Amino acid sequence: MGNTIIKNAFKEVRSSFSRFLAILLVIMIGSAFYTGLKSVGPDLEASADRYFEATHFMDFRLLSSIGFNDADLAAVRNSSGVEDTQPIYTIDAFLSYGQQTNVAHVISIPDSTGAINDLHLVEGRLPQQSNECIIDKQRSEAGPKIGDTITLSSGTETPINTSLSQTVYHVVGLAESPSYLTKDRGITKLGTGKINGLVFLPAANFTLPAYTEILVTAAGTSGISTFSEEYIEITTPLEESLNTVASQRVEIRQQELKADAEAQLAAQKTAFAAANGIADPSLLDSSPEFLEAQKSINELAAPQWHVLNRESNSGYLDYQNTIESTNGIASILPLFFFGIATLVCLTTMTRMVEEQRTQIGTLKALGYSNAAIAFKYLLYAATASVLGSLLGWAIGFMLIPQVIFNAYRVLYTLPEMTPAFHVSIAALSALFAISVTTVATFLSCLTILRSAPAELMLPSAPPPGKRIFLENVDFIWKKLQFSQKITFRNLFRYKKRFWMTVLGVACCTAMLVAGLGLRDSIATQVAEKQFGDIMRYDVSLQLKENLTMEQKSALVTTLANTNLSTYLDNTVNNISVQGSTDNSDPIDSLLMVPADPAALSNYFMLRSYDTGEPLVLSDHGVILTQKLAKNLDVTTGDTIVINEDETTTQLVLVEGIAENYLQHYVFLSPSYYQTIYGELPQPNQVLGLLDSTLSQEDLAATLMATAGVSAVRFTSDNEQDFQNTLGSINYLIWVIIIAAALLALVVQYTLTTINISERFREIATIKVLGFYDREVSAYITRESYLLTLFGILPGLIGGIFLHGYILDAAEVGNVMYVESILAQSFILSILLTFMFTWLVNLIMIGTLKKINMVEALKSNE
Amino acid sequence: MMNETMIEFKGITKEYTMGEVKIAALAGVDFTVNRGEFAIIAGPSGAGKSTILNILGGMDSPTGGEFTVNKQPLHCYGKKDLITYRRQEVGFVFQFYNLIQNLTALENVELAVEICKNPFKPLEVLKQVGLENRMINFPSQLSGGEQQRVSIARALAKNPTLLLCDEPTGALDYNTGRSVLKLLQDTCHRTGMTVVLITHNLAIAPMGDRIIKIKNGCVESMSVNATPLPVEDIAW
Ligand SMILES: Nc1ncnc2c1ncn2[C@@H]1O[C@H](COP(=O)(O)OP(=O)(O)O)[C@@H](O)[C@H]1O
Ligand SMILES: [Mg+2]
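Sequence order for the protein chains is A and B.
Those letters in the first sequence? Residues 1 to 861, by the UniProt record's numbering.
Those letters in the second sequence? Residues 1 to 236, by the UniProt record's numbering.
So that you can see chain B by itself, here it is in the shape it has in the complex (with noise of 0.2 Å):
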């Protein structure tokens, strides 16, 4: 199973338009991602990692170049079956959390799920994440690692099969962001769901099952890593 391709990336470019300069945030992105994977893309500021989670993600389309994702060709998809792709394979952890401040812990992740067709259920997704304890307190209640576990439940719930996580650690203090990254490694292996991790901390990059390293929008390197370590044995 570890060896059925889940994401591939081929050729592909973004490119923005800023009046009469065009600026190629990609400029030709390859690179595959095995089913159950927990891979980390890692590179500087303004290498253009985002904008590839955000493609992959079904947020955003490229310019050019093909992709697919559990086989199905994303670039050829319209708005409507992207937000369908979204709706049913993808969650998504941001850096800022993105709660709805007027929902508490349990409803943010209730309003996620609500709209999917095999949710897991709220309430045991936020006892995973360990915060059974505080389903009923509103995001302004709760601690920035707090929110970025609800954060965690609410894209979990939704029983994707892509987990995109954008900086996930990246609010967070050394410590609770340990935890965080602990939570998603342990995620992945227990449940083998696809995890697709950026960061910009090239520290935390063994952890990964694969390694893909960005630079001035093209991929630098890709390595597969036999041995991923724990986070526990991880320090930067």
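Extracted from the complex, chain A is given alone in its bound form (with noise of 0.2 Å):
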């Protein structure tokens, strides 16, 4: 290849700069959105990695319905595969500062750092003295500060100083826990049933008499993700071994249970038999008393152990899922980019080569090879595509990546991001950009390339004139005026332009209509539908345990004077809920038990998901709402299990699956209610409709302030957090509508000035004859309205498709979208893409004015 043609292709950047900016564009816009989302996923990983290495973050975390001893510990240490074991202990509390009462979750510290689940400090220090404690930060911003003192309670008739030696402790430091990488602290057979707060302690507080929780880490992990496979692979074999050292030890701690409560009882009847004076003490064995005695010693439960993995933590899972999320949303997307690239740089280059026809007869008369020749254009294209993918790479490593971490991070407590380069991922961006230019420009070049010289030094015969289908439909062709006619012949005489520009207009409508239609789904519509057709009430009151009679009469004058114009008790607990078959990962939920069922519509409506038919709460079932549903994979006949807390479980059919979007609820009627738990629900919450007036902030200080509420909490405060929380993924969906729209943009641009180019001299013609400047452009500009009217339907069909895909590959977790697609995003869709036609006219009239006549009609094309 000689310096000539090098030399040649550059020159020809100069002097073709705008096509060579629009395949650089289009590469670029193409680069960046593959990159930027395919990397979001694994950015997110790496940082929880690095925060997981960090914090030595369990692998496992072993319960035990007795607690451990260090027996138990012991074993569980030498079973194979495990790197680090660490025994800690916990309890739940009611945390009391100021007028606040609420559950803690209180975990204690292990004497030396670096050891499993270490805290991730975010202020003040560790705890020297026995009367300090850390609380976590999100506990902090409601309360309690570094300096501040807490107490802590039992809430039960045990004191809280069988487990803990001190109660009241002085907040010295501000803490984050791996094992909370979500706002979500758990649930707990405490208060609510749902955990506010963390509270670290040092161990040695502790006087419990067993270990509450195992942690182990898995040997031969460091350095492996654990999103990956590898990861699964290493700590499988290790879950089974301590699923067969749980199994060991539970047979062992039993014997253990009955040979003590054997000898305690063997000593009672030696002690009552000398007090009785009774020479043989199993003399008494026949006894009732001892005989029950006995009896329930045979009978002696084994203990459980439960061997929880990563998933099981219900950050984790959060997290885990929101990956999984973008890793959909990023799937298909950005594919869609690089097909539209192929089909600028495809246009472009066909024209470019087409136009310098005579150039390159001459060159091949001067006797260059077709390969020097094609070199040429391909080094062009090439050159475009390399400077674009690196443009692309800077946008999609560094921007994209860094503005949807800062979105998740107002769900997740992760420490700051650093955008990474992920080599694979360049790679594969830069495979796809430089085999789209490459094989484009070839196929462009292979025509031309395949002429004899001679036939190049002619011009290339234009496209001839055709009749089209339209003009043997009379009764439509003649109505048509001379000016509609033309533009209708011009339209189909070019068929490659037409299907291109029709396909161009197709894809960029889809993308604006999926990513609006995701706007729709994931954040508008589920707000709209949850807040305001399924959680009807306004307000929801949380009560405090075991009310007595007077506190219940005062709630009831209140509300009966407040404008709270109805209410509804009802029981709410945090449980988790399991299918009764295989052995699923368990699923938190919310129970509620309405005591009034037939009013429940009036409050939250429970209508079928698919016919939307009311459902009504029998006394023999539950009603599950539609995610959860679809999580567990049950439906309407099945049975599942509802798990209280980690150890009690219950056995319940499924009646009915509610329609419902956000979080996971399972309905009973207070009778069911009783039928399987042997007691009435206790009502901890009262919702409230209100006829409004009486402004929210008064309202919520009346209820306050009445005995026995604990806590006031309004449904559009609800929603408000709702949309907080989906401004993350907003960002996304704008990133989406943005890289759209610019590419929208550059793909028309493209197309529109290659129509000028190649009708450069039908321009002439028409100017020459006396057409004003607004009638030429009127001539063109009627066809590109046209083109994109034709690609507009079927984009908007391509959209809703390729939303569903998306929609399909981004709902996890507890959260329902809406399948639908507003009317307005399709109109808003419709109306960019108008708009962008509209706007590279406006830029293409300029173009239009400047066409020289003279120069046109010169000489033979």
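Just so you know, the hints here were simulated from the structure itself, not pulled from any lab data.
The structure presented is a predicted model; accordingly, all values stated were derived computationally and were not measured.
Honestly, I wouldn't trust all of these hints.
Output of the computed footprint for chain B on chain A, the stretches with three or more beta carbons under 8 Å from beta carbons of chain B [what the hints assert, rightly or not]:
hint, stretch
1, 222-229
2, 488-494
3, 679-691
4, 754-765
5, 844-857
The beta carbon of each residue, even a glycine, is placed where N, CA and C say it ideally should be.
The task is to assemble the complex, starting from two chains supplied on their own in separate frames and drawing on the hints.
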């Protein structure tokens, strides 16, 4: 390849800069979008991996119904594949600070740093004295700061000093824990059933007889991503061996418990015998009370151990779901962009080669090989795509993940993310970009390179005119004005341009529909349906445990005097739910028992997810919400398992599946509750409807001042929280919409400029005939608008499919998205597409004005 | 009527600036053409003939000088006025026909008359140029001579005051060229339309009512020919 060819290629860049720029831009947008979306997932994974590595996040967490002793610990430590173990104590307790009292999860801090689940200290220091504690940062936002004092109490008949040596603590530090990636702190048997905060104390403060949990890390996982297959491969055998240890230890502990009980019983008998002057204590064996005792010893159930992996941690699972969801959105869309890039490249290069046919003919005649001639165009296209890729990488790797990550940080407690360059993603995007341009260029050169030089010296015959099918449809064709006939003839004459433009416009509309539709499905409609149609109550009051009669009547009086027009007593409990057949992971849900099921529909609309029919609670089954049923893979008539805490379970029948979008719920009637739990539910919540006028703050103050009310929550605040959370997904959607818009502009610009350059002579001719500038532009833009119109329809349809596909991949966790796209999004997509056409036409009008008739008509093409 | 001045060029200059260099395509051109004349502008290639015609047709503006067509001072006209002038008063015939490929012969003519005030009926004009049988054909289905006839019909149908032809026979064979010249001459004499025709071929000059010879951007000579020859009597 002579220097001449290379110089020639770079000269071409200068002389046809706008074309070069078009290729460069589409490739840049394509690469930025591809690398950006593709690297969000890995970047999220990497920052979690770094965090987990730094804090030594546990791989397994063991729970036991009777706690663990040192022998248990030793057995766990000695099982194969264990790297380290850490016994910890935890209790749930009421935390009082000023007027606030709610439930906290109290966790022991290991004596040495660098232990499993090390705290990530955000502010302050670690406790040095026995009356010092750390609380989690999130809890501190609502109350105690460093230097404040908190009091812990048991909230049950057992005093707290059976588990803790002290009850009053000074807060000396704020921390985050890798076990709690999200705001969710888990469930408890105390209070409202929801844990509000975390308290970390030195292990020495705990006076419990046994460890509550054993944390385990797996050997050989350092440097391995927790989200990888390898991680699963390493930890699965360990999970098995831990389960084996569990079953062995459970057996041993049961024998020990029996032996202890037997020994105790024997001692009691001996004491009883001595006290009553009975010579042989074995004579007491047949006495009824000792018989009863012996029977209960014989029937003593085995303790239960639970081996929980990382995915059982709700924060971890949530984060993993978010990554999957992001990857879902990133899966197909970027390829779309490269598809469009191919189109732009193909049209541009074809035009360029066509324009230079005489030059190519000359080079051929001079004896340049086909390869050398094609090389010039390949070099041109490759230069554009390499530059475009480099710029795209910069935006893709630096900007896009950062924007999205910052949005996600509202939801997750994670340290800073450092943007990373992912070689494989970069390589793949470059591969796409370069193959797109070179294949397109190669195809463009093909016919010309096959022709003989002599043929190329002659101008290429313009495509001959042809009648179009529409001309046979008399009743349409006859009605058209002359100029409309010309427009139609021209549209169908340039078949390639017709299809390219229609396809390009269709792709852009499809992406706009998908992007705007995602916003509808994920943000707008979910909020509307959930907070408008389904959750109809305006306020919920959380009640304290075990209300006295006076407190109850005071509450009734207050409710009657405030402008709560009507209200409903309800019992809400945090539970987890599992399918009854397989050993699926438990899913956190809310158990709802309305005191008056007939009135429920005014507060919480239960209607069938598919038919929309209202659902009624019966006395022998439960109603699940849609997404919970989907995740459990159950339908009406199946049974599910309800776990009230990590160790007690109930089997229930699914009688209906209700439409719902946020949070999982299981609804039961009070009588069914009584059937399965043997007692009537204690209402701990009041759902109310407001008839406005009074301000929410005043109402909240009145209600909070009422004895027995522990919290007041307005549905409008819930909706606001939800909107804030969705801010994050909105960022992602905006990235898509902006990229789609940019691409739409470039595509339309390219196709229109090429259209004009191909029809230079025709335009000059009509100018000579005396068409005014606006008539000349109408002649051309009429075609653009029509082509846009033709492209929009398939675009809208394509958009619906694209949207459905992405939504399916993005919907994870306890959120359910609304499948439909709002009419306004379709309208907006259409308007935007037309606006891009209009904008490009506006630029083109300038170009048209500048066309020099004399030059254009001088020679024979 | 023959003595009424139709075109008057006074000291028309045209310069092209190419980087540093200035090329004078026209270095002061003076001539007149009377209404209804068949004027022939002849000269060697590069003399500046096309430049004159382009200025005359309102497609290009002179650098200096004054000129009037049909008493209109065109050198004073703005861009839009020049378009109106082209639209209403000028018909062009080019060497390479410049027909719109995607329109049939008839439609090409229709496109031109769409925007005119008093056009002739396209069908009739096509009949006059002898193409009544080829009206529904596309340019690619017509021979060069036929295409040039369509292009002439397109120009005539506008009912222009001025018909400008730039080497109309340049791309045609001898006989076809002659028949096209005949059509133009006959039209001129029959309708009284003023025709200005450019050629590098001096042999056809005797068929004009007025002969203007151009050389190096200047008028070398201008003569009125009282006895123009019919095309049939000219050979080259
Ligand atoms: N756009 C232009 N830029 C520079 N020079 C031009 C341009 N158009 C014409 N010329 C020059 O002006 C002169 C006259 O050209 P033209 O009127 O086309 O000649 P003719 O039609 O007599 O062959 C020529 O020397 C030509 O090179
Ligand atoms: Mg010329």
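Would you pick out the hints that fail for this structure and give their numbers low to high? Result: hints 1 and 3 break, sorted rising.
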